[in-house]
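**Student:** If you want the building blocks of each chain, they are given just below.
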Amino acid sequence: MKGKKSRSSGGRFSEVDKKDECINPVSKTQEILKLRLSRNHIPSEIFGRQEEKRHLKDLIRRTGLFGESNSVLIIGPRGNGKSALVQKVLVELGEEEDIHTNLLQVHLNGLLQTDDKIALKEITRQLQLENTVGDRVFGSFAETLQFLLEALKSGNQSSKPILFILDEFDLFAQHRNQTLLYNLFDVAQSAQAPICVVGITCRLDVLELLEKRVKSRFSHRQIYLFSNMTFEDYVMLFKELLKLEDDFPDRRFQSDWNKSIEELSEAQSVVDMLKRQFSFSQDVCALKQLLFLPVCNLNEMDVPRLKPAMFVESMKISTSDSKSAMLHGVSILELCLIIAMKHLTDIFEGEPFNFEMVYNEYRKFAQRHSSMQVFHKAVVLKAFEHLVALELVKPVEGGSTKIQKEYRLMSLLLHNTQIMDALQKYPQCPTDVRNWATLSIS
Amino acid sequence: MKARIHILYADQLTWGLSTVFRQAVDIRYQPLYIIDMDSASSEDFETIIDEILEEIPCRQKQISTLVSLFGKRAHCTPGAIFLYGHASTGKSLVVNTLMDKLKLPFVILNCVECYSQRFLYEHILNSLHQTDLFAVNESVSRIKCENMNDFIRLFKQVLSQKGLDKETVYIIMDKAERMRDMESNILPAFLRLQELSSSNVCVILLSEIVWEKFRWGTGFAEPYVLHFPEYKKDELLQILSKGCPTDFPESCYVMYLNLVLSVFHHVCRDLREIQHLVNLNFMKFAEPIRNGEATSKDSKKLWKNIEPHLKKALPTVYLREVSSSQWQRYQAENAGDTEQENTSQNLQGLSHRCHVDLPYYTKYLLIAAYLASYNPAKTDKRFFAKHTGKKTKKISQTAKFRWEASNHVLGPKAFPLDRLMAIFYSIVEGKVAPTANIFMQITSLVSLHMLTLDPRDDQIITPKYKCLVSLDLIKSVARTVNFDVVRYLYDFV
Ligand SMILES: Nc1ncnc2c1ncn2[C@@H]1O[C@H](COP(=O)(O)OP(=O)(O)OP(=O)(O)O)[C@@H](O)[C@H]1O
Ligand SMILES: Nc1ncnc2c1ncn2[C@@H]1O[C@H](COP(=O)(O)OP(=O)(O)OP(=O)(O)O)[C@@H](O)[C@H]1O
Ligand SMILES: [Mg+2]
Ligand SMILES: [Mg+2]
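First to last, the protein sequences are chains A and X. Be aware that the first sequence starts at 11, since it is given in our numbering, and climbs by one per residue. Be aware that the second sequence starts at 1234, since it is given in our numbering, and climbs by one per residue.
Be aware that a few hints might be false.
To be verified - Here are the simulated lysine-lysine pairs, DSSO-like style, with alpha carbons at most 30 Å apart:
id: 1; chain 1: X; residue 1: Lys1399; chain 2: A; residue 2: Lys98
id: 2; chain 1: X; residue 1: Lys1646; chain 2: A; residue 2: Lys392
id: 3; chain 1: X; residue 1: Lys1537; chain 2: X; residue 2: Lys1517
Unchecked claim - Partial chain A-side listing against chain X, Cβ under 7 Å, derived:
id: 4; residue: Leu45
id: 5; residue: Arg186
id: 6; residue: Leu343
Calculated from the structure, these hints are not laboratory results. Computed from a predicted model, the values in this text were never measured in an experiment. Note that the Cβ used here is the ideal one computed from N, Cα and C, for glycine as well.
Please model the entire structure based on the sequences and the hints provided.
**Tutor:** In structure tokens, the structure reads:
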């Protein structure tokens, strides 16, 4: 706190005065990078996806320009740029005049439109046909969709092409009878109206989810986005994410900053960190998250540049084991119970146990050691229930509910290594307890 | 067609009306434009942060991490932040204080209260819109929202209406573990709220449960996870000592805190719980000092005075066997009274639970049911036949091994009705006719949840029961009819 005070009274004023209105390049950089690291941001280039991008762009363009109907699924693991790819393609196509004016877009997301009725309403809204539909009553889903498509035909021309984007596509397959999917694919296949259906999903088995009649109408065109990055690519991406682009107002600062990023990417600790994260997952989103805190910690006064230590710290936060962290905070009594449960799990080879057994183990231990206080059963039960509330212990599925809680079967959701690790770091752990834990099955 | 337009029109009317309302109603978010973090000098900002650090000791690291994640008002934040840690580690306190002091636009909600998706959406929208929940024409001015799809649309609408789309809006969801019980799309959608609504919003989830347990189903985006570690003993002391009464010597209060912790710290690390115990027992501790019997330096005397008292609080107040007001009354009654014996009546504590009033024969029925549940059927002959051999010696030797697998560890077993009746007739005093009355009693025991019908077996031809009462209770019931139940229990002979 003291340091902060002195810093704020230090050279600040003079600097603020000097720059007066001009925005500090560091905070400007911070703003740009934060925006870039957030999920909403559409990157200026999707790294290593040129081929896929061209393919998708081509498909959509054919619908937009020639009224061709298409359907395609984009499949890949989470945080791997599926949505970003589609967004990027749309932005680029939006710059082409005739597609921009011609192509209508409908964006759906499986998390939002949880059933087909909502989806249909949303489609109507996005096509701005609410007033046309009015309070007309339709017999079936297909009829409604047909009406919507008809309504888009202006005069006697053919109707405008529509692009349907279904994010979290697998969730739509859970809707009753897959009505929406069936109808969309049916329209696309029979070319009743020019539409392009783009599904985005992270499930590799997505085709298995489709009913036969739906599947047979799908074009079976799929774009796979697997991460095929090498470590060099990964480091490259790391640099791309942090470097400033040429349109930055302060050119001197920009080249200076970019040089510091180059240096950063060569620092041993950063390379180690990246290696570790890379072997862990190649998820771009995870990398972005890792970089977020260091960028947040930038500060025009004390921390004008990113430092390797900040990344190491951020890595430490993101990889810490949360269950062990929770274990450090339980009371001694609760810790004893966990050890008792560990022994029971060892003895019975993973079979579930109940509170009475745990209490028995605990009592035997506490009576053997004079340093331990033996608590009343009700007090112990409260501690046990706290562990259940923390979901470190869980009732066995399918156990009868009509049974006293002392006898309900439970299983321990902690691994031995987690318990041992927690014991190591537990503040002021009594030696008796520690010895008891290391005691092997006798 | 007409109806549709009418509805649209009503919608607009609603919005217009509520804008009028807003000006009349509390203007909670107004000051937000006064302290603008960008334009206000960072001097101000730092004094605010220092104030917060002063107010919430022992949470520097968490606070500074959060502050830097929030950054300037207009900056992007992570889409979701997940804060976890044990109860009363200051999660809610830190987040609320930060929001209040930094004057950020936020909505706070508790997922226990907003237990259905409709409440959840409407709470967020209406608080953002500052609709007065108790306005006269509430039916007109409240925003209604039923599903996630509408929520996202209305959310964007409200943000732009309120001019909040220029800065980060925070949605704080306390007790977030409850969101797992709602529809499966809600939690993932909130984690992606930033992406889905393409606005600058940050969802903060607070929970006692680790993040791994939230991840099931599909659609998840990983939040930024931050741990609130538990308070160490000295940190507890530091926080608690802020509650020292002004007219009391601080060093003595710290000693008192140490005493309380020495009794309770083994069992409980929950700051709130300890604080409660500290406050409840302080009068008793200070009594000798107030009376002039001891000075604040007589640590030994004070310890002697308070220790048995605290020990008693453990199985009573801590377990909520007595309410705090009962405990206070008990303390008041015993002021100056050194004997402890006569207090057992008005402070029943644990024994209180073991008291039930039942008709005479019902008590025997209950005992018989208990015996049938916990004794193996093959031992019935030994216990209840009139002529038994002298086998008891031999049993006690093997008792130790048996304990491991006894029914008192594994739980009660189901028994058929005729076995219950056989035991009942052999233990009950005098002759009892097997009338319908007796069987009625079994039904009433079932409805009292002392017995239960075992659902697995055929309930009409051979109904099977289980006894659900504890050993303590059966002992106290048996005592009232002068029956030594322990002698008949296989696990204890
Ligand atoms: N190859 C890449 N180059 C640059 N940025 C990328 C790349 N891949 C992903 N990103 C970035 O990572 C973030 C996450 O990507 P996106 O939202 O597209 O993931 P997703 O595959 O849709 O994940 P989910 O299945 O969880 O929806 C985006 O902000 C995107 O800009
Ligand atoms: N660092 C602290 N300084 C002062 N008081 C604190 C501190 N931490 C917690 N408290 C006190 O403890 C009480 C509980 O804290 P808080 O409500 O923040 O806990 P929580 O972590 O949200 O717990 P829960 O998980 O039960 O909601 C607060 O009312 C506050 O008075
Ligand atoms: Mg996506
Ligand atoms: Mg809380």
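**Student:** Hints first: check each against the structure and report whether it holds.
**Tutor:** Taking the hints in turn, this is what the structure says about them:
1. A C-alpha spacing of about 24 Å is found between lysine 1399 of chain X and lysine 98 of chain A, which places the hinted pair at or below 30 Å, so the restraint holds.
2. The hinted pair formed by lysine 1646 of chain X and lysine 392 of chain A meets the criterion: a straight-line CA distance of about 25 Å does not exceed 30 Å.
3. Distance check on the hinted pair: lysine 1537 of chain X and lysine 1517 of chain X sit about 12 Å apart at the alpha-carbon level, within 30 Å; holds.
4. Nearest Cβ of chain X to the Cβ of leucine 45 of chain A: about 5 Å, under the 7 Å cut. The hint holds.
5. At its closest, the beta carbon of arginine 186 of chain A sits 16 Å from a beta carbon of chain X; the interface hint therefore is violated under the 7 Å criterion.
6. With its C-beta approaching chain X no nearer than about 5 Å, leucine 343 of chain A sits inside the 7 Å limit, and its interface hint holds.
The structure does not agree with numbered hint 5 stated previously, though it agrees with all others.
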